[in-house]
Amino acid sequence: MEWYLTALQKYAVISGRARRREYWYFVLFNFLISLGLGIIDGVLGLTIEGGLGVLGGLYSLAVFIPGTAVTVRRLHDTGRSGWWLLLVLVPLIGPLVVLFFLVGDSQPGTNQYG
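Reading the sequence shown from the start, the letters are residues 1 to 114 in the working numbering.
Everything labelled a hint here was simulated from the structure, so no lab data went into it. What you are looking at is a predicted structure, and each value in this text was computed from that prediction instead of being measured. Where hints are given, some of them may not hold.
[What the hints assert, rightly or not] Listed next, with one range per pair, are the computed distances between beta-carbon atoms:
{"id": "1", "residue 1": "S60", "residue 2": "L92", "range": "17 to 25 Å"}
{"id": "2", "residue 1": "S15", "residue 2": "A62", "range": "29 to 37 Å"}
{"id": "3", "residue 1": "V43", "residue 2": "Q112", "range": "42 to 50 Å"}
{"id": "4", "residue 1": "Q112", "residue 2": "L52", "range": "35 to 43 Å"}
Glycine included, each C-beta is placed from N, C-alpha and C at the ideal position.
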């Protein structure tokens, strides 16, 4: 939970680096919280057509900027610019390439990002 809170504390900080542990724990806790909110939305009947729940939607909006910031910092840790994140807009291959970058090892020592 510490890594999740660290990413939230650096709300819109895109400078610096985020190690694999910080990024993937943030992703794990986001998944678990979203799953829990989805269940609560379903039980309380707060879902709209298409399956989107009110609580889940609000949570997604709340963590959009911190999630983007920690992803950019993770890309910095691998020695890549945050602009590589725009590659997810390319259908099929783009998200796979970005995922490959995110699971990759950190660049040893210091780089231009810290």
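The hints, checked one at a time:
no., hint, in the structure
1, S60 x L92: 17 to 25 Å, "holds (23 Å)"
2, S15 x A62: 29 to 37 Å, "violated (22 Å)"
3, V43 x Q112: 42 to 50 Å, "holds (48 Å)"
4, Q112 x L52: 35 to 43 Å, "holds (39 Å)"
In terms of the numbered hints stated before, the structure departs from hint 2 and from no other.
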